[in-house]
Structures are given as C-alpha cells and as structure tokens.
Amino acid sequence: MIWNWQLDGWIVAAGILCAVASALLGNFLVLRRLSMLGDAISHAILPGLAVAFLISNSRSSLPMFVGAVIVGVLTALFTEWIRGVGKVDEGASMGVVFTSLFALGLIMIVQAADRVDLDAGCVLYGAIELTPLDTIKLLGFDIPRAVVVLGSVTVLNLMFVVLFFKELKLTSFDPSLATSMGVSSTWMHYALMVLVAVTAVASFESVGNILVVAMFIVPPATAYLLTDRLGIMILISTGVAALSAVSGHVAAVVVPTWFGYQSTTTAGMMAVMVGALFGVAMLFAPRQGVVIKWLRNRALSLRILCDDIVATLYRRSEHVAADQVRMDDVSMNVEELTETLYASSRQLRSALARLRRRGELEQVDGQYELTDRGIEHGRELVRSHRLWEQYLVSEASLHPTKIHDKAEKLEHFTDRSLRDQLSDATDSPVLDPHGQSIPPERRGDV
Amino acid sequence: MDFKANSTSDSMTNGSAVGPDDTAIALSVDDLTVAYHRKPVIWDVAIDLPAGSLIGIVGPNGAGKSTLLKAIMNLVPRASGRVAVFGKPYRASRHRVGYVPQRESVDWDFPVDALDVVTMGLYSKIGWCLPVRKKHREAGMEALRRVGIADLANRQISQLSGGQQQRTFLARALVQDADLYLMDEPFAAVDASTEKAIVELLRELKSRGKTVVVIHHDLQTVPEYFDYAVLLNMRVVAHGPIESVFTSENLQKTYGGRLTLLDEVSEAMRRRERSL
Chain A
1 MIWNWQLDGW IVAAGILCAV ASALLGNFLV LRRLSMLGDA ISHAILPGLA
51 VAFLISNSRS SLPMFVGAVI VGVLTALFTE WIRGVGKVDE GASMGVVFTS
101 LFALGLIMIV QAADRVDLDA GCVLYGAIEL TPLDTIKLLG FDIPRAVVVL
151 GSVTVLNLMF VVLFFKELKL TSFDPSLATS MGVSSTWMHY ALMVLVAVTA
201 VASFESVGNI LVVAMFIVPP ATAYLLTDRL GIMILISTGV AALSAVSGHV
251 AAVVVPTWFG YQSTTTAGMM AVMVGALFGV AMLFAPRQGV VIKWLRNRAL
301 SLRILCDDIV ATLYRRSEHV AADQVRMDDV SMNVEELTET LYASSRQLRS
351 ALARLRRRGE LEQVDGQYEL TDRGIEHGRE LVRSHRLWEQ YLVSEASLHP
401 TKIHDKAEKL EHFTDRSLRD QLSDATDSPV LDPHGQSIPP ERRGDV
Chain B
1 MDFKANSTSD SMTNGSAVGP DDTAIALSVD DLTVAYHRKP VIWDVAIDLP
51 AGSLIGIVGP NGAGKSTLLK AIMNLVPRAS GRVAVFGKPY RASRHRVGYV
101 PQRESVDWDF PVDALDVVTM GLYSKIGWCL PVRKKHREAG MEALRRVGIA
151 DLANRQISQL SGGQQQRTFL ARALVQDADL YLMDEPFAAV DASTEKAIVE
201 LLRELKSRGK TVVVIHHDLQ TVPEYFDYAV LLNMRVVAHG PIESVFTSEN
251 LQKTYGGRLT LLDEVSEAMR RRERSL
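The listed protein sequences correspond, in order, to chains A and B. Following full-length UniProt numbering, the numbering of the first sequence begins with 1 at its first residue and continues without gaps. Following full-length UniProt numbering, the numbering of the second sequence begins with 1 at its first residue and continues without gaps.
Just so you know, the hints here were simulated from the structure itself, not pulled from any lab data. C-beta atoms are modelled at their ideal positions from N, C-alpha and C, and glycine is treated no differently. A hint or two may mislead.
Quick list of the computed label-pair ranges, beta carbon to beta carbon [said to hold, decoys possible]: (1) Leu295/A / Ala79/B: 54 to 60 Å; (2) Leu295/A / Ile126/B: 40 to 46 Å; (3) Asp89/A / Ala79/B: 24 to 30 Å; (4) Ile292/A / Asp48/B: 53 to 59 Å; (5) Glu138/B / Lys87/A: 47 to 53 Å; (6) Ile136/A / Asn74/B: 47 to 53 Å; (7) Arg315/A / Glu138/B: 53 to 59 Å; (8) Gly279/A / Asn74/B: 42 to 48 Å; (9) Ala192/B / Ile292/A: 34 to 40 Å; (10) Asn61/B / Lys293/A: 36 to 42 Å; (11) Ala268/B / Lys87/A: 16 to 22 Å.
Not the full set, but computed from the structure, chain B residues with beta-carbon under 10 Å of chain A [what the hints assert, rightly or not]: (12) Tyr90; (13) Val100; (14) Pro101; (15) Pro111; (16) Val112.
Taking lysine to aspartate or glutamate pairs in the EDC-like style, the calculated list, with each CA pair at most 20 Å apart, reads [unchecked claim]: (17) Lys134/B / Glu167/A; (18) Lys253/B / Asp218/B; (19) Lys88/B / Asp30/B; (20) Lys166/A / Glu138/B; (21) Lys125/B / Glu167/A; (22) Lys166/A / Asp107/B; (23) Lys135/B / Glu167/A; (24) Lys166/A / Asp109/B; (25) Lys166/A / Asp113/B; (26) Lys293/A / Asp109/B.
Chain A on its own, in the form it takes in the complex (with noise of 0.2 Å):
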C-alpha cells in the first residue's frame, strides 16, 4: 500500500487529535487513582449511543453525545452508590456497573443492527480507516467529520485542563482542602466524568470504545515515569499520544508490507505503539527506569568492592604493626584477594584499575599496596565499621556476635560528619566491642 497524503495525513490528524484529547483528561485519572473509572465510562456510555440511535434512528452527533454523557455521568453515580450501599470497595463495584450497562448496550446494538446502520464491530474497534470518506464542508474546505469531531473536543479538554489547571490540581492532590476552601471536589470530579463520557463518544467512531482506554491511560502513566512536575508531565502525555497516533499509523500501513502482509489495522496498531513507548519510558526513565537503576547498582556494587579492597589491605597492615604477621605481607595479590573478597575477578579487576586510577593502590610484581591516600581511606572505614560496632552494642544493645554483618554494611554510607556523631554518641571510644582499637580521625589524633 502506498502512503496517500490525501487519506493518510487524515486519518494520521483523526488519530492524533483523539489520542491527545484522551490523554489531556487521562492525566486527571492517572492521579486520581481512577484509571478504572475511564475505562468503566468508555464501556458503559454503550446503551447511551444504543438508546440515542434507537429514538434518533440516525448517527448524526447530537443525540449521542447527550445518551452518552448521561450514562457516563451515571456511571460514575451507580459506582459510588454501589460502593457505599453494597460495602464493597470501588474497583468492584465498577466492576458491577459497566460490565452489565456494556452488556445492555451491546444487546441493545445487536437488536437494532437491522434498523441501524451500526455494527458492533465498529462501535468496539473504531475504523479511522474510513474517517476520510465521511466530509462535511466547513469554511469551504471539505474535512472528514471525525477530524471536526475531535478537534473540537480537543479544544474542549485543552481549555479545561488550562483554565482550570489550578483548580484541578488541588482537587486531585487535596480534595479535604479543595472543598474547605470552597473549591468543590465533587463537581470537579463530575465535570472530569463529563469530559472523559464526551471524548470517549468523540473516539468511538475513530478507535472504537475500547482501545480509547489505552489514550487515556497510557500516555499520562508514561509521562509519570518521566518527571515529577504536573505541567510537564501534561505535555509529555500529549507528545507521547500524538506520537503513538503517527507511528501507530505508520506501523499499520508500511511496516506490514515489508513482510509481505496486507496493512492491519491503525487504532490496534497505535494501542501496541502507546504500550511500546510506555515500556521504552520503563526502561529509560531518568530516575526509576531499569536501566539507570541496574547501572546505580553496579556503581554502587563496585564502590563498595573497592572499599573492601582498601579495608582488608588497611587491616592487613594493623596486624603487621602488631607484628602477627611477617614484614612484606602487607601487600597482597590478586589471588589472596579474590579469596578474602568472594569476588569475580573480572569484578576486582575494575575494582583494583578504579583504585590505582585514583591514586590509593599501587602495584609492585604483582602484590597490591595502599598508597598514603589508601592508608587515609582504610583508616576512614574501619573507624566508620567500628564506631558503628560499638554504637550497635552500647546504644543498640546488639549482642557482639550479631554486629559484624551490620556495620559492614554501614560503614560504606558512613562520612565524617556521621562518625562525629558516632564517636559523640557512645563517648568517644578507643576499642571497639571485640576489643580492637579504633583508629583516629586523622594519623597522629589519640
């Protein structure tokens, strides 16, 4: 199939204008905790568009959107009702409602497909493949009527959610205090119900009631992985939705033909596309991704090697000041400290380059020795490791076997300041609780 600009840049636009106009109000139900309240109004809005086609026996705009947002608005009523006489929590009680008002809408459309021009494939999927054909004129130009559709309720959400981004965010963020101030939690969440129950009407015929879920949810939750600021995050689930519409498109109709296969569906298509950039936010994202959290892990993996690297050499030549151990073994070699590290030794490889890089370990035939600056560091952790022993004994009350384990663990998180405040709080010891001495903040202190 060939790209058409006439066909394609229409139906790209319809997709676009649908997928934003969701995310927009999807924001709003991401933080609100009512993502299943979307998806329980697009569904339930059903009988509302069977009811309007039955007394209309046509399509035209008006009758829908009246039967939809009425049902929509009531859908939101019946949960809370639900919820409050059936003393079951809200995911069931939506649960109840829209799954029977869908069933009724659906038997409801099916009984009247002989009257009705309505299918219900099209009312669960969409077809914005035919969006092109069905033009209305308007300032002389001939525009499909679902671009017209979607574009005026893209305007509608965007002036909402920018006059009242204030409003929005405290009712979202403080309901208690919104309505104290007399900022009424209750309407804004109805006016929010409204909204979603028009849009979902405005994109059945697009992509179907269904896969509108995905445009309301996915673009916001994605750009929750990616900031922390309200107003960016607003921004980012529009780019993400009207990016998920272009290369949802794109997807459907070029990449299909390269295998040899017919071009499949745009509104599917531009769901996988949402799913898939929401995996790659996953993935990627500045401060949760995967990624950057496996790289934290093994930065942090491999600084605390290298402390242990410099406290073992630093106990090491303790005990030959104490004359327990022969001269020259101060140093050791690698295989000495793969022995005592438990470590891989491509792990204390880049552990051992790390610290020589850094001027604390040099090498001599093989045998590893602390620097000056590595003395200066592996007095600085086993102060930190027995400070906190003795922290743990005498203010934690720990038995001496059980502290080992836990000061090892501390003593990579410990700085000076903090082991002030250790040697403060336990009256500055000279031993430690298995009697070894502590060493001083600088050489030389007592």
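With the hints as your guide, set chain B onto chain A.
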C-alpha cells in the same frame, strides 16, 4: 463557589467578634452529631472556643476528633447541629479558616514541588481560572522561610522527610492567612526539631491574635502547648481552660473505655435494621 478575595474587609465588619474582648468566640458548635452508616461517630457535641487561644483536642483513637474538624468544615455530612465560625455559618467564613489535614491523607508521590503545595493555600484568593503569579510564589517562599525549609522549595514532595512534609503543610496554612486554624495531628510522627518549630509557630500565631485548634495525641505535652482543651470521646467529656479541665478524673472519663451504652444502642439499631 464564592471566592472572597479580600478577608480584611470582612474581618472589619465582623470586628466585634475578634476584638480585644477576651470572651469573643471564634468557633461555636452546637448539638453536632455525625454518623456513618447510622453509627454515630460524634454525638451531640457542643463547644464554644475562645478567639486568640491555642486549643488542643484530645481523645482516644476512634473518638471522632478528625470527624469533628471535618464536620465543622462541611466535609462530612452532619446528622444534626449548627456550626458558627466568627458568628457566621462556615460557608460565609471559610476564607478566614485555614485547614491542615492529616499528612497521610494525601498522595506524596503527586507530581508537584513543595512551593506548589504551599501556593495551593492561595488558590481561593487568586480566584477561579487565574494563574499563580510571581507575587503568589513570593508569598509561598516567605511562608517556607518561616517554617525553615525555603531551600527545599523546588523539591518534589516525596523527596521530603516526614517533618519537612508537615512543615510544607503548615506553610500552606500560613499563606492562607486565616484567623482560625484547624490542624489534624500536625505533631504526628515528626522529628524533635520539627515539633519545636511547630510549637513556636503556634505561639507566634496566638501572639498575632489567631485561634488555633489542634488535634493532639501526646497527653504529656498538652498543658505545655495549649491553653485550652477539648476532651472528646464521641461526646465532649469536658472543655475549657487547661488548668480546670485537664484533670486526671476527666482524662479517666475520656480514655477509660468507650461510652458503652451508646455503643449498645447503636448496635441494637443496626440489628433491628438488618432483621427488617
């Protein structure tokens, strides 16, 4: 949704209520009953709280302390009762009320920073649909300075410690520039330095003629922090100046078990309802 942009004009017309007169009443509650699912949570509460004082509300868990504050602000439906704030219904005086909810009542992962949270206290002054401006952010910064965390203004709120989060909430109440503050457990799970900072702030508010109502859990510090107390356990056991009501006898009555007869009758009511 009437936003009152100007609180001073109102307090002038209402000046007699908060004037130098020591007996002026900031908050008057009469015959207030709140029930969830027909089970009473607070029962027939009647209190008059004097303006310009620090008032501690104490009582065991489930005594209805938070519910009382919420019922005053119409956040939960009242079964009966009247509330007057500076002599007017709550709706007419709400611009003179600052509320500090429980810290756990909000989602601290919400994508806003500390300054955003503080400026929320100004939203009703700013008015519907109008943006937060530079002068509002400056007022927010000033409030953060007063609670000692101005350097954390641009931190996302989940990155704050518990004490810093509580200070953020207090700064938000400060920018509301209210005459009556209702605080739900501001001392819960805060560090010692935050506790001290909050106490100083409460005293400063009192010295400026504000009335502060605080739900408090630590009985030992009640006489030190407050000059007026409400002892609550579904009903008001006692209320008045600390020295006259904070007695071991009253505390025994407040904490010595629930009001068993009331429990029994409400249990009977629910049984009757089910059998019908």
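Hints versus structure:
no.	hint	result
1	Leu295/A / Ala79/B: 54 to 60 Å	holds, 58 Å
2	Leu295/A / Ile126/B: 40 to 46 Å	holds, 43 Å
3	Asp89/A / Ala79/B: 24 to 30 Å	holds, 25 Å
4	Ile292/A / Asp48/B: 53 to 59 Å	holds, 58 Å
5	Glu138/B / Lys87/A: 47 to 53 Å	holds, 48 Å
6	Ile136/A / Asn74/B: 47 to 53 Å	holds, 48 Å
7	Arg315/A / Glu138/B: 53 to 59 Å	holds, 56 Å
8	Gly279/A / Asn74/B: 42 to 48 Å	holds, 45 Å
9	Ala192/B / Ile292/A: 34 to 40 Å	holds, 35 Å
10	Asn61/B / Lys293/A: 36 to 42 Å	holds, 39 Å
11	Ala268/B / Lys87/A: 16 to 22 Å	holds, 20 Å
12	Tyr90	holds, 9 Å
13	Val100	holds, 8 Å
14	Pro101	holds, 5 Å
15	Pro111	holds, 5 Å
16	Val112	holds, 6 Å
17	Lys134/B / Glu167/A	holds, 18 Å
18	Lys253/B / Asp218/B	holds, 17 Å
19	Lys88/B / Asp30/B	holds, 13 Å
20	Lys166/A / Glu138/B	holds, 17 Å
21	Lys125/B / Glu167/A	holds, 12 Å
22	Lys166/A / Asp107/B	holds, 17 Å
23	Lys135/B / Glu167/A	holds, 19 Å
24	Lys166/A / Asp109/B	holds, 18 Å
25	Lys166/A / Asp113/B	holds, 14 Å
26	Lys293/A / Asp109/B	holds, 19 Å
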